[in-house]
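Order-wise, the sequence lines are chains A and B.
Quick note on numbering that gives the first Met the number 0: the first sequence kicks off at 0 and runs consecutively.
Quick note on numbering that gives the first Met the number 0: the second sequence kicks off at 0 and runs consecutively.
Only some residues are given here: those of chain B computed to face chain A with a beta carbon under 8 angstroms: (1) Arg-76; (2) Arg-79; (3) Glu-90; (4) Leu-91; (5) Asp-92; (6) Arg-106.
Covered by chain B, per the in silico footprint, the following chain A stretches (three or more residues, Cβ under 8 angstroms): (7) 16-30; (8) 78-92; (9) 101-107.
If you are wondering where the hints come from, they were derived from the structure by calculation, not from laboratory data.
The beta carbon of each residue, even a glycine, is placed where N, CA and C say it ideally should be.
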Amino acid sequence: MKDRGIVLAQARMAILVALRTPRAMIFTVLFPLILLVLFNSLFNHGGRDTATLPNDLKLSAQAYFTAGIVAYSVPLSTFTTPAVSQTPQRENGQLKRYRGTPMPPWTFIAAQITRATAQALFMTAVLLAVGAVAYGVPVPGSTFPAFVLYVILGTATCCSLGIALTAFTTTPDSASTIAPFTVVILAFFSGIWIPVDQLPQWLETIGKIFPLYHLALGLQTTLSPSAKGSGIDTQNVLVLALWAIAGARIASTRFRWEPQAARA
Amino acid sequence: MPVVSEAAISVSGLRKAYGENEAVRGIDFEVAAGEVFGFLGPNGAGKTTTIEILEGYRERSAGEVAVLGVDPAAPTRAWRNRVGLVLQECELDPLWTVHEAVALFARFYERPRPVEETIELVGLGAKRDARVGTLSGGQKRRADVAIGIIGDPDLIFLDEPTTGFDPTARRDAWNMIEGLKALGKTVFLTTHYMDEAQHLADRVAILRDGRIVAQGRTEELGESLGRRTVISFTLNGGLAIEDVRSAFSTPPQVSGNRIEVETAQPQADLHRLLSVAEERGAAIDDLEVRRPNLEDIFLELTREQGS
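Assemble the whole structure, with the sequences as input and the hints as a guide.
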């Protein structure tokens, strides 16, 4: 009970800090919304009006990009944010200070995951609502649980990779460069900026190695009117889960509480 | 059963090596429960290494250490509940308000002090809702202190708690530390200000090159090291140096009209000096009696070391 209170108190503080950081709000909240509007506007003026997924399912361009931007916003909320916020917390001694209290270490990680999940779900809800109201993207019925499952699985994968990344970023600058850069580049390989059916084969092949491709494809599948059954694809789930496990393994063995830059 | 010791901290034969470099080279000391212990030394003497071992942040290479009866190399949650820390750098999120920060840390402890009262105690009542990032250096330090004591610890490590304070803030901090002592808390204090150690510490240890070069009760440290009281004054007509020379147990130093005497018997010497002046109806100006102070001792003991 007491420990759950500790987790929630820390998660609340992390959310407050995010709300007070204009840069974070612009990049994780405003930016995906702007992208959603831009992509849908571009496709109202030419461009194909349907996209074909690698699994041959078809969906409207609006649904395609809405699912893609949801897939893009998940790592912004849950990969970039932990890496960018935790590195300075470690380097300025805040994490070390936590370790000097009776706070159980796991509660800190749990709080970061709680914050990330809350943010990812909030952004998903906002993007889906805007997609549905402004662009007539159908909110999925039978595949809705699968949609939510992908968001949560994507959050788990991105969180563990984001925390794992902090093991390698010794300065706040390196974290705030590497993390967003990685996501933007991977988005090209993952059919988020450009539909997969218009990508060169080699780009798609590289994309398939990384989790963002599978998160995007999974979400796009669940928004396709022709999706069968629950809409869950084993391959997408498996790749995301493998990355989550790999990230969690690195995060748990290489996580550091003390500043690293000074002793490098 | 572990032996329950009266000492809040007991250290014997403590060593810490970083590769070839031995930062702490075998030190022994005890801190009694309820005392303020000053741990002094120039930069690089091994202060930080030692305090971080005691705080449970660093492993030692050799020696025995018990802090509140527990080996800090294996810190437990119950132990952390009884130990308060004020680390050297400010490490609070600049976007938190003072109240948010203190309330968050209060959550970590089993029996925290009241949050509002603690903020008042460190003198940040007016800054309760200000963000940490907008505080002055001295105010940030007070916020650190608030977080250090919020768990109502039995033992508090204060690592240079008043660095960057103006004289008023320093006085306030001193009052607060004296308040902690009055509550029966044990305080382990490092500081660069010798007047601070002199004022606050019951006992001090002076560290140099990883070894303790002096330790003892603050007011007795000078005498125990053979340092003497210095009497100085100005002759202002009516008296010549020849008249007063015989008053002193040791030969005085004369520079112009200013006389300085280092003595082991300050009371007797002063008595004779004042009697001579009285007999002649002469005045003695600018009379000063200076006991050996910690700063002199510190500078002397740590002098040869390049900082």
